[in-house]
Structures are given as C-alpha cells and as structure tokens.
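*Asks:* Line order of the protein sequences matches chains A and B.
Using this note's numbering, read the first sequence as starting at 45 and increasing by one per residue.
Using this note's numbering, read the second sequence as starting at 295 and increasing by one per residue.
None of these hints come from the bench; they were simulated from the model.
It is possible that part of the hints are untrue.
Quick partial rundown of chain A residues pointing at chain B, CB under 10 Å, derived from the structure [stated by the list, open to error]:
no. : residue
1   : I48
2   : W65
3   : L82
4   : T123
5   : P185
6   : S189
7   : W196
8   : M199
9   : E259
Using N, Cα and C, we set each Cβ at its ideal position, and we do this for glycine too.
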Amino acid sequence: MKKILPRLIEKGWKLERIPWWKTGYRVDAKTEVLTKTLEYYLGYYYIQEAASMIPPLVLDPKQNEIILDMCAAPGSKTTQIAEMMGNRGVIVANDNNLKRLKALRANLQKLGVMNCVVTYTDARDFWKSGLKFDKILLDVPCSGSGSIVTSWRIMNEWSVRIIKRMSRFQKSLLVAATRCLSKDGILVYSTCSMEPEENEENVDFAVRKLGLEVEKFKIKNLKCREGMLEWDKKYDKSVTNAVRIFPHDNLTEGFFVCKLRK
Amino acid sequence: MKLRIKPEFEKKYKKILGDEYEKFEKVLVSRICKSFRVNTLKIDEKNFTKID
C-alpha cells in the first residue's frame, strides 16, 4: 500500500502537522472534499477538530484499563482513545441519542475499533449499571460557544438562558460520572464551550460538592491558559489547574479541559 | 455570509479577555482550517510519511 500522506498531497491538499497530536494534520480544504476520498471511506483518516484531539491526551488511556466515554457519539474521541489503547483494554461508549449512536457505530466499524462496547442510556442513569471505571471521559453536551469559529450559526443560538440550563445539566452528569468512577480513578471533563458557567463553575462544583481533586497537566506544544478563578463568584483555587483554550491561541475551536481525581 | 456577534456575547468576552478581545474576534470572523488524524488502527505509523 502506498503511503497515505503522499497520496493526500497528490490530491493537492496542503497539510500542516498539528503540534500536540502525532498523527494530526491541518488541511486547507472543505469538509465536502475531505469526505469524498477512498481513504476516508476506508477509515484511514478521521476528520476531527484539532482541539477535540486534546481530551484523550489528558485522559492518557492505557492498554489494560476500563474506560467509560459517557457522552461518546459520534465517536471522535472514542476512536482516538481506542487508537491510543492499541485496540486493547475496554472502552464503554455511551450515548442517549439513537441517531448519533448510529454514527458512532459506523465510525467504530470504519476505523477498525475492536475494544469498544456501545451502550444506549441517559448518562445520568449510567451509575445504575453498577460498573466502575478506571478512567472516564465526560465530554459533555454544551452551548458550543467554542465552535462558533467553525460554525457561525451557533452565535444565533447563544444565550445566557441556554448556558445556565446547560450548566445545570452538566452538573448532573458530573454527579453521575463520579458515581461510576473507581476510587483514585481519573475523570476528564471537557467542553467545546468558552463559558465559565459551563467550565470553571462546574469544576468548582466537582471539588466542593463531589470531593474530586483537580490535577495539573501539560500538553506539549499547546498554548493554553489556566482556569479562571472568578466569574460572578469566586472558585476554589485548584480550578486554575484546568485548561482553557481560546480560538486565537492555536487557531482551533475554543475548548476547556479539566483532569479530576476521585 | 457574515458573522453577527451578539452584543451580550461581545460584552462578556471583552470582560473575560480584556485587551485580547480584538484578536479573538478577528479569528472568530475568519475561517480556520479543517483537521484530521491518521488512523493508526488501520495504517501502521511506518506507512505514513511525516511531512515536516
């Protein structure tokens, strides 16, 4: 088989390495072009926003671990986690949206993921399974304000009311995730939102109400900022160990990532 | 099509970002590149060439 990157370059694509993920590339082409290649259909590459590749790096999955991806569809991060685990260990990929679950299953199959079990349940009820996990990725549904840079229509939907509603929902997911986490387990909380109400406020909640600890982490070659200490109210000082990324920092979507330990 | 930034959004992010707001807005109204990752479950790392 011919090497993949020369094949893509032959199509006239200009590629640039993403500095924080070894096999990530930026490409100056439209989605319609990227999804109409044999290589794409065969699952040789997966279209994923550069900042979205960060939460699995923070999760740092190992081959012998049992991982829960609580809001997994359509599977960008699930498939990246499977790749990092070399298709070993176990990933439970959950979602409560059937249409998105179909996309998840299709992506798992297309990318050759073999260490993943798919479940269909409201993440808030997942703890009822009685299962405990070494690591959990909680990439929550959010206002998506960090994605405005790639999807301008999100600006039309942006409102304080939606942000507050999402923030409450995300707290309920944090409660559920904590119940599913083994003692000393790692929970990575992430959003594609730049709103403190959906980010630092929820991490503060996890520290004060759920007893989780925020761990500091560093991603090589990524420009990022500490979590904010105050927005409407003061947060626990450990919230600064979380990371926020603005679009103008790395020319990516805005993102927020936090590593919590039980 | 043009991005119309809501006034409440602008007010909030000026408060969060201060002097950096203009840089932030400049990127918001531009288009950033798409990205992808090569799937090493199907392509061995040896089988794709680094371009840098």
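*Asks:* Now tell me if each hint is right for this structure.
*Replies:* Each hint tested on the structure:
no., hint, in the structure
1, I48, "holds, 5 Å"
2, W65, "holds, 6 Å"
3, L82, "violated, 13 Å"
4, T123, "holds, 7 Å"
5, P185, "violated, 20 Å"
6, S189, "holds, 8 Å"
7, W196, "holds, 5 Å"
8, M199, "holds, 6 Å"
9, E259, "violated, 24 Å"
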